[in-house]
Amino acid sequence: MNGRERLERFLGTDPADIGCEEAMEVLHVYVDLVAAGQDAAGAYPGVAAHLAVCGPCGADFEGLLAAVTQA
Amino acid sequence: MSVRDPVSVEWIAALTGAAAERAQGEARLHEMLVRVALGELRRRRATAPWLAGVELDDVAHQAAADAMLAILRKLDSFRGESRFTTWAYKFVILEVSAKLGRHYWRVHPQVSLEAESWERLPDRIGVDPGEHAERADLVRAVRHAVDETLTAHQRRVFSAVVLDAVPLDAVVERYGTNRNAIYKALFDARRKIRAYLVAAGYLEREGRGGR
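Those sequence lines, one after another, are chains A and B.
All residue numbers for the first sequence refer to this note's numbering, where the first residue is 61 and numbers rise by one.
All residue numbers for the second sequence refer to this note's numbering, where the first residue is 80 and numbers rise by one.
Careful: at least some of the hints might be erroneous.
What the hints assert, rightly or not - Not close to chain A: a few residues of chain B, all C-beta gaps over 10 Å, as computed: (1) ARG83; (2) ALA93; (3) GLU119; (4) PRO128; (5) GLU134; (6) GLU160; (7) ASP207; (8) ARG234; (9) LEU242; (10) ASP243; (11) LEU247; (12) LYS263.
To be verified - Below are the EDC-like pairs computed for lysine to aspartate or glutamate, each with C-alpha atoms no more than 20 Å apart in a straight line: (13) B:LYS271 <-> A:GLU68; (14) B:LYS153 <-> A:GLU65; (15) B:LYS271 <-> A:GLU85; (16) B:LYS153 <-> A:GLU82; (17) B:LYS263 <-> A:GLU65; (18) B:LYS263 <-> B:ASP207; (19) B:LYS271 <-> A:ASP74; (20) B:LYS271 <-> B:GLU283; (21) B:LYS263 <-> A:ASP74; (22) B:LYS153 <-> A:ASP74; (23) B:LYS271 <-> A:GLU65; (24) B:LYS153 <-> A:GLU68; (25) B:LYS263 <-> B:ASP226; (26) B:LYS153 <-> B:GLU89; (27) B:LYS153 <-> A:ASP99.
What the hints assert, rightly or not - If we take Cβ atoms under 10 Å as the criterion, some of the chain A residues that face chain B in the derived model are: (28) ASN62; (29) VAL91; (30) ALA101.
I should point out that these hints are in silico values taken from the structure, not numbers from a laboratory.
Here a beta-carbon is modelled for each residue, glycine too, at the ideal position from N, C-alpha and C.
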C-alpha cells in the first residue's frame with residue numbers, strides 16, 4: 061500500500077455508518093445475534109459499518125461479546 | 080414489555096418482585112456487573128496500561144454501581160429484544176469506557192488538547208514524507224486542508240485524537256459532551272479534508288463519500 065492509498069484509507073468515511081449513538085442503542089441486540097451465530101451485519105448493516113471504523117464502539121462491542129460468551 | 084426467554088423473565092420478576100426477592104435479585108445482578116466490569120478492565124489493559132491493582136478494582140466497582148442504578152431506572156424500557164443479561168451488561172461496558180476516559184486525565188494531566196503536534200501528521204496518516212518529494216507535498220496539502228476547511232472544534236478534535244492519540248472517550252470527558260458528537264466532528268473533518276484533496280487534485284473523486 062503506497063502513501064496515497066494509506067491516506068485514502070485514513071480519510072475514508074462510509075455513508076452506511078450510523079454513528080455511535082444509534083449503534084450503541086442496539087448494541088445488545090446486535091451482540092446477541094453475533095453470539096447466536098446469526099447474520100448480525102446483514103440485519104444491521106449500519107451498525108456493522110460503524111463498528112468497523114469506530115475504535116471506542118468497536119471496543120464496547122468486543123467487550124460485550126466477551127461478557128456474554130464467557131459468562 | 081414483551082420478554083419471551085425464561086431466564087430474562089426470571090430476572091425481571093426478581094427485580095420487580097417483593098422486597099426480599101428484589102434485594103436478592105439486585106445483589107445477584109450487582110455481583111455479575113462487578114465481575115463483567117473487572118473482566119472488561121483486564122481485557123482493556125493493552126489500551127489502558129496505567130490502570131491496575133486497587134485502582135482497577137475501584138473503577139470496576141464504580142462502573143458496576145453506576146450501571147446498577149441506570150439498569151434499575153430503565154428496567155421498564157427493557158423490551159426483550161435481547162437477553163436481559165446482554166442488555167444489562169451493555170450498561171456496565173459503557174460505564175467502563177466512560178470511566179476509562181475520565182481516568183485518562185488523572186494519569187495524563189500534562190496532555191494538552193491544544194498541543195497540535197503537527198510533526199506527527201505523516202506518521203498518523205501513514206504517509207512518509209521521506210519516501211518521495213510527492214509525499215511531502217501530500218502531507219503539506221493535508222495540513223492546508225486542516226487550516227482552510229475545518230472549524231475550530233473539528234480542528235481541536237482532529238488534533239487531539241489523530242495527532243496526539245488522546246483516546247476518544249477522554250476527549251469526550253474533557254469537552255463534557257458525548258461520544259457521538261466527537262465521532263461526528265472527526266467524521267466530518269475527514270470528509271472535508273478528503274474533499275479538499277480531491278478538489279486540489281491529490282486524490283481521485285471516486286471512493287467512499289460522505290455520510
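Results of checking the hints against the structure:
1. ARG83: 13 Å, holds
2. ALA93: 17 Å, holds
3. GLU119: 5 Å, violated
4. PRO128: Answer for B:PRO128: holds, closest chain A Cβ roughly 15 Å.
5. GLU134: 19 Å, holds
6. GLU160: The assertion about B:GLU160 is violated, with a minimum of 5 Å to chain A.
7. ASP207: 7 Å, violated
8. ARG234: 15 Å, holds
9. LEU242: 13 Å, holds
10. ASP243: Holds, since 15 Å exceeds 10 Å.
11. LEU247: At about 5 Å from chain A, B:LEU247 fails to clear the 10 Å cut-off, so the statement is violated.
12. LYS263: 6 Å, violated
13. B:LYS271 <-> A:GLU68: 13 Å, holds
14. B:LYS153 <-> A:GLU65: 46 Å, violated
15. B:LYS271 <-> A:GLU85: 27 Å, violated
16. B:LYS153 <-> A:GLU82: Status holds; Cα separation ~18 Å.
17. B:LYS263 <-> A:GLU65: With Cα atoms ~23 Å apart, B:LYS263 and A:GLU65 exceed 20 Å; violated.
18. B:LYS263 <-> B:ASP207: Given pair B:LYS263, B:ASP207 is violated - Cα atoms ~27 Å apart, limit 20 Å.
19. B:LYS271 <-> A:ASP74: 14 Å, holds
20. B:LYS271 <-> B:GLU283: Since the Cα atoms of B:LYS271 and B:GLU283 sit roughly 14 Å apart, the hinted pair holds (cutoff 20 Å).
21. B:LYS263 <-> A:ASP74: Given pair B:LYS263, A:ASP74 holds - Cα atoms ~12 Å apart, limit 20 Å.
22. B:LYS153 <-> A:ASP74: 32 Å, violated
23. B:LYS271 <-> A:GLU65: 17 Å, holds
24. B:LYS153 <-> A:GLU68: Answer violated: B:LYS153 to A:GLU68 is near 42 Å, above 20 Å.
25. B:LYS263 <-> B:ASP226: 19 Å, holds
26. B:LYS153 <-> B:GLU89: 17 Å, holds
27. B:LYS153 <-> A:ASP99: Given that 20 Å is the threshold and the Cα spacing comes to 28 Å, the pair is violated.
28. ASN62: 8 Å, holds
29. VAL91: 6 Å, holds
30. ALA101: 16 Å, violated
Checked against the numbered hints given earlier, the structure breaks hints 3, 6, 7, 11, 12, 14, 15, 17, 18, 22, 24, 27, 30 and satisfies all the rest.
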